[in-house]
Amino acid sequence: MKTLFIILITCLCFQISDLKAQQNTSVLAMQKAELQVNGLTCSMCNLSVYKSLQKVSFIDSVKTQLNSSVYTLTLKPGEYIDPSSIKKQVEDAGFSVGALRLFFQPMDVALAKDEHLAYGKFYFHVLNPPTSNESWVAEIKDKKFVSQKEYNRLRKELNQHPCYESGMTSACCTKDAESRQVYHLSF
Amino acid sequence: MRWIILFFLCLSTLGYAQELFIFSEPASTMPKRAVALRINSRHYGTPSGYFYKINPEIGYGLHKNFTARVNGFYSNWANPQGYWDAVGISTKYKILTIDEHHAHKRLAVTGRLVYSFQPLPMEWMMGEGNTSMASGGIVYTQLIHKLALSGKLIYSKLLQGWNKNHGYLISGEVLEWQVSSGFLVLPIHYEHFKQVNVNLYAEYLGQQNLGVIMDERSPASYSINHDLGLGTQLIFASRLTLELACRLNIGGNMDRPTHSTYYLNLEYRIFR
Numbered sequence: 001m002k003t004l005f006i007i008l009i010t011c012l013c014f015q016i017s018d019l020k021a022q023q024n025t026s027v028l029a030m031q032k033a034e035l036q037v038n039g040l041t042c043s044m045c046n047l048s049v050y051k052s053l054q055k056v057s058f059i060d061s062v063k064t065q066l067n068s069s070v071y072t073l074t075l076k077p078g079e080y081i082d083p084s085s086i087k088k089q090v091e092d093a094g095f096s097v098g099a100l101r102l103f104f105q106p107m108d109v110a111l112a113k114d115e116h117l118a119y120g121k122f123y124f125h126v127l128n129p130p131t132s133n134e135s136w137v138a139e140i141k142d143k144k145f146v147s148q149k150e151y152n153r154l155r156k157e158l159n160q161h162p163c164y165e166s167g168m169t170s171a172c173c174t175k176d177a178e179s180r181q182v183y184h185l186s187f
Numbered sequence: 188m189r190w191i192i193l194f195f196l197c198l199s200t201l202g203y204a205q206e207l208f209i210f211s212e213p214a215s216t217m218p219k220r221a222v223a224l225r226i227n228s229r230h231y232g233t234p235s236g237y238f239y240k241i242n243p244e245i246g247y248g249l250h251k252n253f254t255a256r257v258n259g260f261y262s263n264w265a266n267p268q269g270y271w272d273a274v275g276i277s278t279k280y281k282i283l284t285i286d287e288h289h290a291h292k293r294l295a296v297t298g299r300l301v302y303s304f305q306p307l308p309m310e311w312m313m314g315e316g317n318t319s320m321a322s323g324g325i326v327y328t329q330l331i332h333k334l335a336l337s338g339k340l341i342y343s344k345l346l347q348g349w350n351k352n353h354g355y356l357i358s359g360e361v362l363e364w365q366v367s368s369g370f371l372v373l374p375i376h377y378e379h380f381k382q383v384n385v386n387l388y389a390e391y392l393g394q395q396n397l398g399v400i401m402d403e404r405s406p407a408s409y410s411i412n413h414d415l416g417l418g419t420q421l422i423f424a425s426r427l428t429l430e431l432a433c434r435l436n437i438g439g440n441m442d443r444p445t446h447s448t449y450y451l452n453l454e455y456r457i458f459r
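So the protein sequences, as listed, match chains A and B.
Residue numbering for the first sequence follows the working numbering, starting at 1 and increasing by one per position.
Residue numbering for the second sequence follows the working numbering, starting at 188 and increasing by one per position.
No lab work stands behind these hints, which were simulated from the structure alone.
Taking lysine-lysine and the DSS-like style, the derived pairs with C-alpha atoms no more than 27 angstroms apart in a straight line are:
1. A:K87 <-> B:K292
2. B:K381 <-> A:K63
3. A:K88 <-> A:K156
4. A:K32 <-> A:K88
5. B:K251 <-> A:K55
6. A:K32 <-> A:K144
7. A:K63 <-> A:K88
8. A:K88 <-> B:K292
9. A:K51 <-> B:K251
10. B:K251 <-> A:K143
11. A:K87 <-> A:K76
12. A:K88 <-> B:K251
13. A:K87 <-> A:K143
14. A:K113 <-> A:K149
15. A:K121 <-> A:K87
16. B:K292 <-> A:K144
17. A:K143 <-> A:K88
18. A:K32 <-> B:K381
19. B:K292 <-> A:K143
20. A:K55 <-> B:K381
21. A:K76 <-> A:K55
22. A:K149 <-> B:K292
23. A:K87 <-> B:K251
24. A:K51 <-> B:K381
25. B:K251 <-> A:K144
26. A:K156 <-> A:K113
27. A:K63 <-> B:K251
28. B:K251 <-> A:K149
29. A:K88 <-> A:K144
30. A:K144 <-> A:K76
31. A:K144 <-> A:K51
32. A:K143 <-> A:K55
33. B:K292 <-> A:K51
34. B:K381 <-> A:K87
35. A:K113 <-> A:K143
36. A:K32 <-> A:K63
37. A:K32 <-> A:K55
38. A:K32 <-> A:K87
39. A:K76 <-> A:K121
40. A:K55 <-> A:K144
This is chain B alone, in the form it adopts within the complex (with noise of 0.2 angstroms):
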């Protein structure tokens, strides 16, 4: 633990800050009428094999302050075929703003809800389609000098979508937190939209079992997840987003398939 907020505290000194976050998401809304094309993917080495999960969404700035996102999910955990095994809908309203120049202070709140067609919950909540849940969250996003730094904190529940034959531990309600910091390589200037701009982003994800036990053969568990997100982040004509990533398990003794995921997502920006 101690080594990833000395991480943090490195990145302040390095350069200019971001906050367009590849694992969590910062307090900020879109624009107004601003639509985001984004396809997601994450790709899984598991014992059992290689899986993947894609992930469209449209994300729409219905008001100034107000940002919802409809998301399907596509993937191969139950059928090497693939198949839809998920929708989703997810809201972020911005109660607070303070800005300043080159910096702001911004508190969110946030709310998902997901739909599974064919529950494959766990005691790790991926939240990426593969169980039915709602959410909901609070984030507070700041740039501190030249460090961007946001802080999530999120509770979700299972709904519905389990099977008491599956014989391992399900969560059935998981506190997250998030802690995620940006800064800006690339370019040292800002001169024309065009440029090229190269983030690197360094996240630390954590999950705790509440408690709530979804079968009834396995035991009461507060298990415990600590995760880290290692990403670079590149913005083409200030409208394409391509993001490289993966998420590596540092900690905890929650059950879950595998200890990394990779992630490459796209995503297009259109202001109207």
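Okay, chain A solo, but in the shape it has when bound (with noise of 0.2 angstroms):
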């Protein structure tokens, strides 16, 4: 009987702990992204486009719109996407990112701009926060998912913010000690 308690007890503490750290990490949920890939002229590029996809460890199904070079990605459970990753697999095909589309789980929150949303190992820095709390769905404006135009347009606007040239963390962002990387989304 004794044995039978302390083993209910050690589990009931490995289940609080499960949940201490699901709350530490899970300030926000993401359903699925959208990539739109440039470059893209033919089936061929395309599939390769689909299979570089395929292997990124994160993602658990990648369905494309072949005339629209619009790729959607579902996420494995538990795990976060790492916008690099995912450019750095199109780069490979041969190819650019032209947007990547966020769908977040809306949260019964009102996010203000510029602020800073844990996630992952990342942070989001809100640079337009969401219209509406039905739908949350953001864009990533960093250097390499936005036009060339637009990234030079954006850091001019942005100069307050050295995070969004550097892509890291910085005093204009958290009082957080340790250095991360930051990606700038605008809902």
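Hints given; two lone chains; assemble the complex.
If you want it as structure tokens, here you go:
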């Protein structure tokens, strides 16, 4: 009886510690992502991007609309999207990211401009908060996720935020001692 | 020349563009770690009879911007029984990429080395393993609206392998230029990877002898050659490519054994 009691207490402790870990990291939940690939002109090119994306460890499935060169990515349960890995796979296939749209689960909180959200190993810097609480779709606005012209415009506009050019958290972002990669979102 | 330009302009109004050219090559490189297994066959009808050249090739995407290909050449030019007459390596490095939605601009530099076991040099530098040669070039590809246009400039130099007893003109150095155009006929709308793609290509291939004499009995020659390449390409399951094409001499004064070459090529692409 005593042994059974100890086992039950131990299991309960593990459950509580797991729950705490989830609460600490799961600030944002993502349902899927849509990737627009630029430079594609043929089905063989589309296939090379499709095969390249299938190799990404955190992607569960890839669906593509060949006519529009849009790829819908669903994540494996418990995994976080890594935009840099997606960009690398697209570039290795010989093409470029046109846009990466992230579909988040809306939360019961209002996001503010320049708010920072922890997501996996990264931070998301909210450039433009969502206008509705029903749909939280955001585009990444960092270098190589937008056109060079758009990047140059944003770099001038966001000159108060050195994190935009460096891609790393800085004094403008957070009081955290640890510097982390930061992506800039526009909902 | 005027009707060639007109032909390229007509293509621009016909459909979507593709740039997997048959006679030339685009500035695009292969995806990283992708493998292309290719077998080219060329067929020549000459006054001396029928000749062929079979050219197996393995291509590999070493880097997103760098592709290398190794080639072998098997023919019956010097021996009716057939023989391996040359090996070669070619490389391409992409130095500029500007991608837009359904469009791109690319610039690449290319290099090529061919070693021929039984050199048969001539004034027309075929670049198909009949001579040992080194080449370097630059290629620019752009999609302008619905027209895929590619331009290539190549300098080629004959390396050893000439025989002063040939008694006919041999080009020692040649400048080549190529203008290529292609468009997609089928499918009208892309729906899935299994659809058969049908592409048509028209390419203009020019060549100028730079006047270097390899045979001291030959006069210096600055001869020129103009060819038109026309071909169709079928792509199955976005992996297997079948090409049927012909290359026709349309002008110039270069000495060459044949005025028409017919192509049958097959390529299988492995994405890794």
